[in-house]
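**Student:** Each chain, letter by letter, is given below.
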Amino acid sequence: MPKCTIDGKDIEVADGTTVIQAAEELGIRIPRFCWHPDLPVDGNCRMCLVEIEKMPKLQIACNTVVRDGMVVHTNSEKAAEAHRTTLEFLLINHPIDCPVCDQAGECYLQDQYMGHGLYDAKVELEDKVHKRKVVDLGPIMLDAERCVLCSRCIRFEREVTGTNSFAFVNRGDHTQITTFEERPITHQYAGNLADVCPVGALLSHDFRFKMRVWFLKSHESVCPGCSTGCNIFVDERDGEVQRLRPRRNVDVNRSWMCDPGRALYKEIGLTARITGARVRGAASWEGVSVEEALDLVAQRIKDSGPASAFLATPQGTNEDLFAFRSLADAAKGMLDFRVGDPHLKVRQRIDDVLQRADRNPNTQGCLDQGLDRDGVDAIVAACRAGKIQTLVLQGPELLRVAEVVDALAKVPFVVVMATHEGPELDRAHVVLPAAVWAEADGTYTNFQRRVQRLRGAVAAPGEATPRWELAAGVLERLGEPIGATSAREVFTRLATSVPDYEGLDHRAIGAQGRALAPAEEATSTTQEARA
Amino acid sequence: MELTPDNLKAFEEIVARYPVKRSALLPTLRLVQEQEGWISREAMEYIAKLLDLSPAQVKDTASFYTMFHLEPKGKTVIEVCTTLSCALGGAEKLLGHTCRKLGIEPGGTTADGRFTVKEVECLAACGGAPAVQVNGEWLEHATEADLDRVLAGETVRRTFEWPKSPGEHLLFQNVWKENSTSIDVYKASGGYAKLGEWLRFEPEILIEEVKKSNLRGRGGAGFPTGMKWGFLPKESPRPRYMCVNADESEPGTYKDRVIIERDPHRLIESIVVSCHAIRSKTAYIYIRGEFHEGARTLEKALAEARAAGYVGKDILGTGIDVDIWVHRGAGSYECGEETALIESLEGRRGQPRIKPPFPAVVGVYGCPTIVNNVETLVNVPLILERGAEWFASYGTEKNGGPKLYSISGHVVRPGSYEAPMGRITLRDLIYGEGYAQGIKDGRKLKAVVPGGSSTPVLTADEIDIAMDFDGVAKAGSMLGSAGTVVMDDSTCMVWMAKNLIYFYKHESCGKCSPCREGTGWMLRLLERIEAGEAQEKDLDLLWKVTDSISGKTVCPFGDAAIAPPQSTLQKFREEFEYHVREGRCWKSVAPTFEEAKAKSGRAVSA
Numbered sequence: 001m002p003k004c005t006i007d008g009k010d011i012e013v014a015d016g017t018t019v020i021q022a023a024e025e026l027g028i029r030i031p032r033f034c035w036h037p038d039l040p041v042d043g044n045c046r047m048c049l050v051e052i053e054k055m056p057k058l059q060i061a062c063n064t065v066v067r068d069g070m071v072v073h074t075n076s077e078k079a080a081e082a083h084r085t086t087l088e089f090l091l092i093n094h095p096i097d098c099p100v101c102d103q104a105g106e107c108y109l110q111d112q113y114m115g116h117g118l119y120d121a122k123v124e125l126e127d128k129v130h131k132r133k134v135v136d137l138g139p140i141m142l143d144a145e146r147c148v149l150c151s152r153c154i155r156f157e158r159e160v161t162g163t164n165s166f167a168f169v170n171r172g173d174h175t176q177i178t179t180f181e182e183r184p185i186t187h188q189y190a191g192n193l194a195d196v197c198p199v200g201a202l203l204s205h206d207f208r209f210k211m212r213v214w215f216l217k218s219h220e221s222v223c224p225g226c227s228t229g230c231n232i233f234v235d236e237r238d239g240e241v242q243r244l245r246p247r248r249n250v251d252v253n254r255s256w257m258c259d260p261g262r263a264l265y266k267e268i269g270l271t272a273r274i275t276g277a278r279v280r281g282a283a284s285w286e287g288v289s290v291e292e293a294l295d296l297v298a299q300r301i302k303d304s305g306p307a308s309a310f311l312a313t314p315q316g317t318n319e320d321l322f323a324f325r326s327l328a329d330a331a332k333g334m335l336d337f338r339v340g341d342p343h344l345k346v347r348q349r350i351d352d353v354l355q356r357a358d359r360n361p362n363t364q365g366c367l368d369q370g371l372d373r374d375g376v377d378a379i380v381a382a383c384r385a386g387k388i389q390t391l392v393l394q395g396p397e398l399l400r401v402a403e404v405v406d407a408l409a410k411v412p413f414v415v416v417m418a419t420h421e422g423p424e425l426d427r428a429h430v431v432l433p434a435a436v437w438a439e440a441d442g443t444y445t446n447f448q449r450r451v452q453r454l455r456g457a458v459a460a461p462g463e464a465t466p467r468w469e470l471a472a473g474v475l476e477r478l479g480e481p482i483g484a485t486s487a488r489e490v491f492t493r494l495a496t497s498v499p500d501y502e503g504l505d506h507r508a509i510g511a512q513g514r515a516l517a518p519a520e521e522a523t524s525t526t527q528e529a530r531a
Numbered sequence: 001m002e003l004t005p006d007n008l009k010a011f012e013e014i015v016a017r018y019p020v021k022r023s024a025l026l027p028t029l030r031l032v033q034e035q036e037g038w039i040s041r042e043a044m045e046y047i048a049k050l051l052d053l054s055p056a057q058v059k060d061t062a063s064f065y066t067m068f069h070l071e072p073k074g075k076t077v078i079e080v081c082t083t084l085s086c087a088l089g090g091a092e093k094l095l096g097h098t099c100r101k102l103g104i105e106p107g108g109t110t111a112d113g114r115f116t117v118k119e120v121e122c123l124a125a126c127g128g129a130p131a132v133q134v135n136g137e138w139l140e141h142a143t144e145a146d147l148d149r150v151l152a153g154e155t156v157r158r159t160f161e162w163p164k165s166p167g168e169h170l171l172f173q174n175v176w177k178e179n180s181t182s183i184d185v186y187k188a189s190g191g192y193a194k195l196g197e198w199l200r201f202e203p204e205i206l207i208e209e210v211k212k213s214n215l216r217g218r219g220g221a222g223f224p225t226g227m228k229w230g231f232l233p234k235e236s237p238r239p240r241y242m243c244v245n246a247d248e249s250e251p252g253t254y255k256d257r258v259i260i261e262r263d264p265h266r267l268i269e270s271i272v273v274s275c276h277a278i279r280s281k282t283a284y285i286y287i288r289g290e291f292h293e294g295a296r297t298l299e300k301a302l303a304e305a306r307a308a309g310y311v312g313k314d315i316l317g318t319g320i321d322v323d324i325w326v327h328r329g330a331g332s333y334e335c336g337e338e339t340a341l342i343e344s345l346e347g348r349r350g351q352p353r354i355k356p357p358f359p360a361v362v363g364v365y366g367c368p369t370i371v372n373n374v375e376t377l378v379n380v381p382l383i384l385e386r387g388a389e390w391f392a393s394y395g396t397e398k399n400g401g402p403k404l405y406s407i408s409g410h411v412v413r414p415g416s417y418e419a420p421m422g423r424i425t426l427r428d429l430i431y432g433e434g435y436a437q438g439i440k441d442g443r444k445l446k447a448v449v450p451g452g453s454s455t456p457v458l459t460a461d462e463i464d465i466a467m468d469f470d471g472v473a474k475a476g477s478m479l480g481s482a483g484t485v486v487m488d489d490s491t492c493m494v495w496m497a498k499n500l501i502y503f504y505k506h507e508s509c510g511k512c513s514p515c516r517e518g519t520g521w522m523l524r525l526l527e528r529i530e531a532g533e534a535q536e537k538d539l540d541l542l543w544k545v546t547d548s549i550s551g552k553t554v555c556p557f558g559d560a561a562i563a564p565p566q567s568t569l570q571k572f573r574e575e576f577e578y579h580v581r582e583g584r585c586w587k588s589v590a591p592t593f594e595e596a597k598a599k600s601g602r603a604v605s606a
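Protein sequence lines, in the order shown, are assigned to chains A and B.
Mapping of the first sequence onto my numbering: position 142 corresponds to residue 142, and the numbering continues sequentially without gaps.
Mapping of the second sequence onto my numbering: position 519 corresponds to residue 519, and the numbering continues sequentially without gaps.
Take the hints with a grain of salt, since some may be wrong.
[What the hints assert, rightly or not] So these bits of chain A aren't anywhere near chain B, every CB distance computed over 12 angstroms:
no.: 1; residue: Leu49
no.: 2; residue: Pro56
no.: 3; residue: Leu91
no.: 4; residue: Gly138
no.: 5; residue: Gly162
no.: 6; residue: Ala167
no.: 7; residue: Asp206
no.: 8; residue: Phe207
no.: 9; residue: Ala330
no.: 10; residue: Gln348
no.: 11; residue: Ile350
no.: 12; residue: Leu425
no.: 13; residue: Ala495
no.: 14; residue: Thr496
no.: 15; residue: Glu502
no.: 16; residue: Arg514
[Stated by the list, open to error] Here are the computed lysine to aspartate or glutamate pairs in the EDC-like style, where the Cα-Cα straight-line distance is at most 16 angstroms:
no.: 17; chain 1: A; residue 1: Lys57; chain 2: B; residue 2: Glu527
no.: 18; chain 1: B; residue 1: Lys75; chain 2: B; residue 2: Glu45
no.: 19; chain 1: A; residue 1: Lys122; chain 2: B; residue 2: Asp547
no.: 20; chain 1: B; residue 1: Lys281; chain 2: B; residue 2: Glu202
no.: 21; chain 1: B; residue 1: Lys75; chain 2: B; residue 2: Glu42
no.: 22; chain 1: A; residue 1: Lys122; chain 2: B; residue 2: Asp540
no.: 23; chain 1: B; residue 1: Lys571; chain 2: B; residue 2: Asp461
no.: 24; chain 1: B; residue 1: Lys212; chain 2: B; residue 2: Glu385
no.: 25; chain 1: B; residue 1: Lys544; chain 2: A; residue 2: Glu81
no.: 26; chain 1: B; residue 1: Lys587; chain 2: B; residue 2: Asp489
no.: 27; chain 1: A; residue 1: Lys122; chain 2: B; residue 2: Glu202
no.: 28; chain 1: A; residue 1: Lys122; chain 2: B; residue 2: Asp538
no.: 29; chain 1: B; residue 1: Lys444; chain 2: B; residue 2: Asp488
no.: 30; chain 1: A; residue 1: Lys57; chain 2: B; residue 2: Asp547
no.: 31; chain 1: A; residue 1: Lys78; chain 2: B; residue 2: Asp547
no.: 32; chain 1: B; residue 1: Lys537; chain 2: A; residue 2: Glu145
no.: 33; chain 1: A; residue 1: Lys128; chain 2: B; residue 2: Glu527
no.: 34; chain 1: B; residue 1: Lys544; chain 2: A; residue 2: Glu145
no.: 35; chain 1: A; residue 1: Lys128; chain 2: A; residue 2: Glu145
Please keep in mind that the hints were generated in silico from the structure rather than gathered at the bench.
For clarity, every value in this text was computed on a predicted model and none was experimentally measured.
Even glycine gets a Cβ: it sits at the ideal position worked out from N, Cα and C.
The task is simple: from the sequences and hints, build the whole structure.
**Tutor:** Written as structure tokens, this is what we have:
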């Protein structure tokens, strides 16, 4: 474990740690373009030059391994001068079109110019090398003039997706990045190309000209798109989600997320959302307050007793599931969660990068809480046999299954918690408005049995309420209050009753999640499949 | 587009030479270009399928190298070298004449598709300036009359006639013999005679002998060869590779070419014994793409050596296997840098790798690799034959062995000469009766680039120095690859710096920011200065740009590129200032700077 000193601060690091990594640990950001923590080192931009005592030349921090006793200066006169001149070189052929560039506000050129540049321009600007601009590559827009040729996109395609659709052409100061014949990017990880690009050369087509990034507020969360549970940021402005971005977690998704996951923010929007409770009247739906609806539901559950059945959803958070299970237990009704394909695909990959076959974020949480109890088939059979008086659905999935329509028709009272409108809701008797994942605090347990937090980023529309709160409302009316007024408190209750979750709470889970006792066959997610 | 059955067979043979398929990319591109005349989009997609690559990867590599034509070219391709020695020999006039006659710009193709004329960078034919290649065949000392004949459809070839060196010939002993490339001539001179004996030595003994000899690498850096070999990891299960650097491209340097074109078996035997010393079973000769004749000569010699059992499996019954393959480059100076050479050999852009790791630990295909220059290797048999002590004492202290010196530019008898290292001075080389015989046309010496374009220029007063690594270093320059370019007093030093910066800008691989952007910036500044459009502060800016590149690039290219502007600014600043002050080049005023200065002095006083 070598010890070194960086800008007067001492640190002991693991063998093989590079100077740039050690500096990160100390909170010192050495300027860089080409270095990325999850891509192989390339050393081409020469931005991270630092002065190391007893070494005659400046060294690149990204490829210099810390040796015991090393004394590093990241901002000495020599190093600062190198940062200035490297920036000046990179800006020679750059168009400096920040006012019309979407990257403005999260651009390394801008940031580092403010931090390390601020020189008087010495370049005469009239004879820049001209390259291709506004090239539509499908999900990505390319502007080759803004590119600093750091090769992050090329390395991403080589090392992460293995697609190799990005490459350089030509050489010297005529080098450009491009796809072959400017063909569109067809893989499902294109959004990451815009993320890894440190400048405005690769931009998201979806986010193009939408918003200046400094208006956005970021919230730590977890993607609900599949059982991988990629860590993300939810970026919103004034309560409206504008984009999702990967949040680095080396144990789960490194710095990446898939495009289908990235697109999920679009479902949060207000159109087609269910914003209030309703009950079926004699002729049509009648709007009621959530309180009234819960009164009705509680009464029916009380009346039905063991003739009630509960179907949880793996889309729910652990807190949702815990409250829902508590409700089923209080009613002594049947309980399960599986809908559709009965096989547990929680760990099955559908590509070599991140995506898994199980499109639910919390199947593992359902299993951990023992929600695979009575079997969906048994519940459906009981419905069909007329043995179920009240059926409570935590999500609308079952209503969409054509094969069980006849069985559901036999149940006199079907309650569904739903987020969005859909024709299937007409098969229910009460619709309770539920908040979506980005509107509530909570936790998911991913395929590795890693418990991860998501935080409410935006307010739910109308009276939409987190599912755990809906269940808690019924419990309250049944005289068995859950004893919690927040997702955090629900989790604390959960932790006392679910094996392996003991002693955990939201704070202990933190930003990077907490791995539970190893699940069988669980492996790290990102790249080992090709390794 | 598909390869013909014969070419497909050739392709399969090529792929079999490499442990990794992508290595066949450069040869396959060449094969397709030979068949189709150029490399189309369809061809790139076809090659991508053949080699399990993406089309983008194929184009990435193909577009890096100047010899691959991604657009249709003429039936006859005329390539005119315009780098320093050839430019001193009138290349620009020759190029202008040819283009004017055809009515095209450099790089253009005639409308009837008969001719393409390209301006190319140093062809390692500096003695034969101005040098031209017509469809890859040498036309050295080319004249306007020669090119008129080429344009008339005639086949005109001319290869430089290597002048004899004075004194003892060790490396060059066969060069002037009849049929010097044949195995019989080589064997008659004692070649291959001791190979079996050497292969029976323990490799460590051979390495020890090379270490003791003080052999220093002849590629430019002068690094001790034995020490380099000693860096190979002792315990590694991976195979080891030898890469022979035959990418001779440093402007002013044309010495390896003599060995390759005139005495290929000397190189082959040297490779076999060196491979044994480093326990390598495979060597790739990375030869620059423009050495068409050299590659043919080597292939023919290798076939002879294989047939005679000197190359291949169980050489001379010793149980030692050494395979040697010729791998041709495709037009890129940077591929002479050892890690860029390795990248190029692997079928990628010729861009350097960051070090560490060093090639001796992680080289080609991730395996321990030694990259040695042609001239370095041909010294190895000499060391084994005559002993390390003899070698170390032949030459000067710490600069053992014979040395090949190339000299070109404004001299009477340009050529590549052999002499004991450091036993001749730069003055001897320029003025010696046995060497270049002085300045052409009785003019005055003005400046000398002593060791290839990357070495700082010396003035006429700085030539009394021993031509070895330490002697030239003492004068503030470098022996480099010992490619000396001589300039007389008619040469404008601003023009000279601009000519070389044009070369470096053209050859910058583009990987790292300071070199990629800085070479272009220096060129723009020098163009402005030469045209008389610059201001005094531009001279300081030029200096500052060189300073900003210095020591900050991935490979030594950056430091090489700044040598011409830095050293000319230091030693000939007066000429730069003249351009700024007078708003023009002094050459438009008088044939020498001294005369121009005198004139402007009169103008000022009057």
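**Student:** With reference to the structure, classify each hint as holding or not holding.
**Tutor:** Do the hints match the structure? See the list:
1. Leu49: 6 angstroms, violated
2. Pro56: 8 angstroms, violated
3. Leu91: 9 angstroms, violated
4. Gly138: 15 angstroms, holds
5. Gly162: 10 angstroms, violated
6. Ala167: 3 angstroms, violated
7. Asp206: 23 angstroms, holds
8. Phe207: Consistent with the label, Phe207 (chain A) stays out of reach of chain B, its closest Cβ about 25 angstroms off (over 12 angstroms).
9. Ala330: 59 angstroms, holds
10. Gln348: The claim stands: Gln348 (chain A) keeps its Cβ more than 12 angstroms from every Cβ of chain B (closest is about 27 angstroms).
11. Ile350: 22 angstroms, holds
12. Leu425: 47 angstroms, holds
13. Ala495: Correct as stated: the minimum Cβ-Cβ distance to chain B is 48 angstroms, above 12 angstroms.
14. Thr496: Thr496 (chain A) is indeed farther than 12 angstroms from all Cβ atoms of chain B, at 53 angstroms.
15. Glu502: Holds: least Cβ distance 47 angstroms, greater than 12 angstroms.
16. Arg514: Per Cβ check, Arg514 (chain A) is outside 12 angstroms of chain B; nearest 37 angstroms; holds.
17. A:Lys57 x B:Glu527: With Cα atoms ~31 angstroms apart, Lys57 (chain A) and Glu527 (chain B) exceed 16 angstroms; violated.
18. B:Lys75 x B:Glu45: 24 angstroms, violated
19. A:Lys122 x B:Asp547: Given that 16 angstroms is the threshold and the Cα spacing comes to 14 angstroms, the pair holds.
20. B:Lys281 x B:Glu202: Distance ~15 angstroms between Lys281 (chain B) and Glu202 (chain B) Cα, so the pair holds.
21. B:Lys75 x B:Glu42: 21 angstroms, violated
22. A:Lys122 x B:Asp540: Given pair Lys122 (chain A), Asp540 (chain B) holds - Cα atoms ~11 angstroms apart, limit 16 angstroms.
23. B:Lys571 x B:Asp461: Roughly 11 angstroms between the alpha carbons, so the hint for Lys571 (chain B) and Asp461 (chain B) holds.
24. B:Lys212 x B:Glu385: Answer holds: Lys212 (chain B) to Glu385 (chain B) is near 14 angstroms, not above 16 angstroms.
25. B:Lys544 x A:Glu81: 11 angstroms, holds
26. B:Lys587 x B:Asp489: 11 angstroms, holds
27. A:Lys122 x B:Glu202: Roughly 60 angstroms separates the two Cα atoms, so the pair is violated.
28. A:Lys122 x B:Asp538: OK: Lys122 (chain A) and Asp538 (chain B) at ~9 angstroms, within 16 angstroms.
29. B:Lys444 x B:Asp488: Distance ~5 angstroms between Lys444 (chain B) and Asp488 (chain B) Cα, so the pair holds.
30. A:Lys57 x B:Asp547: Distance ~13 angstroms between Lys57 (chain A) and Asp547 (chain B) Cα, so the pair holds.
31. A:Lys78 x B:Asp547: Measuring from Cα to Cα gives roughly 12 angstroms; hence the hint holds.
32. B:Lys537 x A:Glu145: Violated: Lys537 (chain B) and Glu145 (chain A) sit about 28 angstroms apart, past 16 angstroms.
33. A:Lys128 x B:Glu527: With a Cα-Cα distance of about 15 angstroms, the restraint between Lys128 (chain A) and Glu527 (chain B) holds, given a limit of 16 angstroms.
34. B:Lys544 x A:Glu145: With Cα atoms ~25 angstroms apart, Lys544 (chain B) and Glu145 (chain A) exceed 16 angstroms; violated.
35. A:Lys128 x A:Glu145: This hinted pair holds, its Cα atoms lying about 9 angstroms apart.
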